[in-house]
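Participant: Following the hints, put chain B in place on chain A, whose structure we already have.
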Amino acid sequence: GAVVSQHPSWVICKSGTSVKIECRSLDFQATTMFWYRQFPKQSLMLMATSNEGSKATYEQGVEKDKFLINHASLTLSTLTVTSAHPEDSSFYICSAGPLGGGNYEQYFGPGTRLTVT
Amino acid sequence: AQSVTQPDIHITVSEGASLELRCNYSYGATPYLFWYVQSPGQGLQLLLKYFSGDTLVQGIKGFEAEFKRSQSSFNLRKPSVHWSDAAEYFCAVSGGSNYKLTFGKGTLLTVNP
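Residue numbers (the working numbering), protein chains in the order written: chain A, 1 to 117; chain B, 1 to 113.
Same shape as in the complex, but just chain B:
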């Protein structure tokens, strides 16, 4: 069975600081990996995705993530955080015949001015 672990429940950073959100997955075959962001009371927005190829993927809003197969990780990074980045971030893995998505528990990002 596939699973996703986001070790950090809550992270606080200062505006302008760099950010890294951790994500580890478990899946027996080649995973399809995603990062989503959710603001309070809102739906999900896709930040970036990895299917194959270059292991460093660029997303929207200046985010990037690196797929490391040896570490089963897909960490999300941003060099300089903006106050508007405060939200909940979910990592997800997809696979199987129906490509079911399994989500991590999420990391809540707080940005201090």
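Isolated chain A, as found in the complex:
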């Protein structure tokens, strides 16, 4: 149980275009989802916290207008990278949870590798 999927698993786009990444909780409802970014050989950095039905909370230094997050349902959050540039190339990972009831674990998707050319 507690499976999270991401789509696409990898994407290549041209500079200046927008890309949408989906994060779905397959077998549970997630009021909270998180988006992380990981550059090569670096750790995961939290970009934003996505709460169902409300605006996302962005971490300091993350551009809200560039990384649009929508959490319209309890099983789906999307991250749209607008006007992508090569420096946005990275591994984007989402997570969902915790489930509550004493379970404080987040469940991670497999990640999406974005390459901007």
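These aren't lab readings, by the way, just hints derived from the structure by calculation. Honestly, I wouldn't trust all of these hints.
[What the hints assert, rightly or not] For lysine-lysine, the following PhoX-like pairs were computed, each having C-alpha atoms within a straight-line distance of at most 20 Å:
(1) A:Lys55 x B:Lys100
(2) B:Lys100 x B:Lys49
(3) B:Lys68 x B:Lys49
(4) A:Lys64 x B:Lys100
(5) A:Lys14 x A:Lys66
(6) A:Lys20 x A:Lys55
(7) B:Lys49 x B:Lys61
(8) B:Lys49 x B:Lys105
(9) B:Lys105 x A:Lys41
Facilitator: Leaving out everything else, chain B in the frame of chain A:
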């Protein structure tokens, strides 16, 4: 603010040797602690977690970790390393109203035959 320190950027061990990866955290309340492993180009896999209770926790793949509140540490151990354990290991702490995860910078494990 919560933080995690993994002092060792890169560790090399021989196959069959024991392993200990260090993790120190900073958090004002009771922390929820995690160890993840990541192979190149892959997502994260949870090795083990600590919420409360017994301070020695067992995980998958023969890993264990011990929570020491007095030392603010949550070190990961394995008695005998296998070549397939070569990967990047991340320690993380969770807390706050949304249970945000903060990751350490990671320790890259190389296993020599």
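Participant: For each hint given before, does the structure comply? Return the numbers of the non-compliant ones in rising order.
Facilitator: When the structure is compared with the hints, none of them turns out to be violated.
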